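Engineer: All chains should be modelled from the sequences, with the hints used to inform the complete structure.
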Amino acid sequence: MNDAYLGIDIGSISTKGVIIDKDNKIITSLYIWTEGNPVKAVTKLVNKLKEQLPSNYIIKGIGTTGSARKLIGLLLDANVVKNEITSHAVGTLSLYPNVKTILEIGGQDSKIILINNGIITDYAMNTLCAAGTGSFLSSQAKRLGVDINDFSEYALKSCNPVKIAARCTVFAESDLIHKAQSGYQKEDIIAGLCKSIVLNYLNNVGKGKKIMGPIVFQGGVSKNKGVVKYFKEVLKKDIIVDQNSHLLGALGIAILSKKYQINKTYNLDINSISFETKPMECMGCSNNCEILRIYKNGKMIDAWGNRCNKVIKL
Amino acid sequence: MIGIPKSLFYYYDGKIWTNFFDYLKIDYVISPDTNKEIIEMGKSISNDEMCMSIKSYLGHVAYLSKRCKYLLIPRIENFGDNNQTCTNFLAMYDLVNNLFGNEIINYNINLNDNETLKKGLMYIGYKFGKKKSLIKKALNYALKRYNKERKKDILNNILKLKKSKKKVLIISHPYNTYDTFVGQPIIKLLKDLDIEIIYSDLFNKNSTNKLSKKLSKDLYWKYSKDIIGSIELVKKNIDGILFLSTFPCGLDSLVNELIIRKINIPYLNIIVDDLDSLSGVETRVESFVDILNQ
Chain Z
1 MNDAYLGIDI GSISTKGVII DKDNKIITSL YIWTEGNPVK AVTKLVNKLK EQLPSNYIIK
61 GIGTTGSARK LIGLLLDANV VKNEITSHAV GTLSLYPNVK TILEIGGQDS KIILINNGII
121 TDYAMNTLCA AGTGSFLSSQ AKRLGVDIND FSEYALKSCN PVKIAARCTV FAESDLIHKA
181 QSGYQKEDII AGLCKSIVLN YLNNVGKGKK IMGPIVFQGG VSKNKGVVKY FKEVLKKDII
241 VDQNSHLLGA LGIAILSKKY QINKTYNLDI NSISFETKPM ECMGCSNNCE ILRIYKNGKM
301 IDAWGNRCNK VIKL
Chain V
1 MIGIPKSLFY YYDGKIWTNF FDYLKIDYVI SPDTNKEIIE MGKSISNDEM CMSIKSYLGH
61 VAYLSKRCKY LLIPRIENFG DNNQTCTNFL AMYDLVNNLF GNEIINYNIN LNDNETLKKG
121 LMYIGYKFGK KKSLIKKALN YALKRYNKER KKDILNNILK LKKSKKKVLI ISHPYNTYDT
181 FVGQPIIKLL KDLDIEIIYS DLFNKNSTNK LSKKLSKDLY WKYSKDIIGS IELVKKNIDG
241 ILFLSTFPCG LDSLVNELII RKINIPYLNI IVDDLDSLSG VETRVESFVD ILNQ
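These protein sequence lines map, in sequence, to chains Z and V. Mapped onto my numbering, the consecutive letters of the first sequence carry residue numbers 1 to 314. Mapped onto my numbering, the consecutive letters of the second sequence carry residue numbers 1 to 294.
Derived from the structure by calculation, the hints contain no laboratory data.
Restraint ranges, calculated between C-beta atoms of paired labels, are given here:
| no. | chain 1 | residue 1 | chain 2 | residue 2 | range |
| --- | --- | --- | --- | --- | --- |
| 1 | Z | Leu292 | V | Asp194 | 23 to 33 angstroms |
| 2 | Z | Met283 | V | Asp194 | 27 to 37 angstroms |
| 3 | Z | Ser174 | V | Gly250 | 25 to 35 angstroms |
Every value quoted in this text rests on a predicted model; they were computed, and no experiment measured them. C-beta: ideal position from N, C-alpha, C; glycine also.
Structural biologist: Next up, the structure:
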């Protein structure tokens with residue numbers, strides 16, 4: 001039997017899973033939509049990964065990252081639960097040990113991580129506004145009646161990208177409608193959108209940061225060739241996009257779960273677990289915190305959301 | 001009964017006020033720690049362009065206005081040349097006066113016109129019919145006790161610099177740092193991750209104010225100068241800096257840019273608004289601590 005480690009990155013838009021062997025090589029991976037239900041998405045993901053995993057492997061560690069890391073960490077009894085910044089950096093460093101700058105644009109977050117000699121020296125994340133991220137692109141694609149998968153093709157066709165204000169999704173949208181109504185070609189508008197993402201990212205997240213090569217661009221949006229093209233154009237530097245650029249966060253957390261393994265085996269039998277969350281408004285004081293109680297197999301195992309130090313009765 | 005909002009000014013001179021009132025046996029009540037109800041009340045009466053701290057302050061005032069006859073709302077203009085405060089500190093007296101029907105106990109601070117805290121408190125004493133000699137004694141008592149406690153806090157803060165744990169300097173106005181809704185949840189996250197907190201406001205203000213000139217000669221906001229000067233004082237002893245402000249603070253947005261350009265220490269900027277969920281903040285704080293622990 002060979003040891004394997006599962007890393008799951010549960011983002012706002014998509015859920016990514018990879019299983020690696022002891023040499024950090026990806027054995028199998030999967031990318032599916034979260035569709036607003038992380039528990040359901042992870043159940044589907046784990047079942048599929050289990051099918052794909054050759055029978056001579058056994059899971060010795062599970063790590064979770066992404067915005068639903070805490071919840072899914074509980075569901076799967078993960079041995080490591082870590083934030084996205086660290087996971088992405090670890091994943092990328094395993095493939096590109098010389099990387100100096102990581103640009104990452106996901107569904108709702110975008111970040112920049114600066115690395116020197118394999119050590120993270122600085123990072124920045126977008127503020128809570130989702131302008132200039134994947135969810136902005138996909139909502140605009142819907143508006144233009146274009147499948148998001150065809151975005152690259154359209155963007156690369158254009159020679160004259162239109163100027164779109166991307167500071168705020170609302171403004172961008174009215175700008176975009178205006179341009180469409182005044183007769184601009186669809187490819188020019190899409191190219192304009194891609195360029196605006198790049199400019200918005202560099203002006204917000206990348207503000208004041210020294211972007212040095214080698215640069216790795218990852219996250220779901222890195223699959224968009226239009227955005228990659230304009231990053232190259234604006235930064236005047238080469239941009240590396242890994243073939244698994246959408247999986248690097250999951251890869252990173254899988255590596256971390258290997259590093260911190262606790263001599264435990266997982267059978268990935270997720271269907272037999274009943275997992276439920278129950279929200280409640282605490283009436284203990286005038287803060288009225290929204291508390292989420294987590295039930296696993298009918299038993300409450302955790303609860304969070306309280307601002308005070310009162311212990312919620314388990 | 002005098003109502004004292006537990007927000008903004010309270011975190012600067014509140015202890016002096018309460019010592020003073022205690023000695024003179026003047027009744028006062030302090031509003032509770034900031035909670036959701038107070039924030040909601042504040043939001044409903046403030047203009048949407050005001051910063052979250054001001055909204056919260058007005059919430060505290062609203063809470064007290066139903067319960068007290070008097071409200072203590074100072075008007076703070078300047079601490080001498082090149083030591084101005086945010087215009088909201090100057091405007092607060094008039095703002096509250098227009099919004100609420102309570103009688104306002106106020107004092108002005110305008111060192112250019114020789115209006116000081118001592119003078120202001122003297123007038124308040126007279127207003128409540130106390131004798132001059134007694135008021136002077138009360139003032140002495142109030143300041144002495146305040147200074148003694150502050151000295152102790154400063155000493156504790158300096159002693160923490162010698163600890164072996166990872167240390168983070170919190171750059172923030174005291175009304176944010178110590179607020180149960182703004183600073184405290186974030187400080188708790190840091191402490192849970194085994195970080196020692198160094199407070200930028202717990203140093204000798206005269207020396208930090210002067211030291212701030214090393215970062216900027218042009219900055220003219222007293223409260224910002226007081227806190228950022230601490231960077232120069234402790235930069236060799238800390239592992240990271242967390243800049244905490246409320247949305248949309250004009251002063252802090254400039255000071256933040258200034259610090260980013262001048263320092264060479266891991267740095268995190270968190271801007272708090274009235275969002276309920278802490279998960280976004282958790283991700284940022286956790287990654288920051290990961291960097292410090294590498």
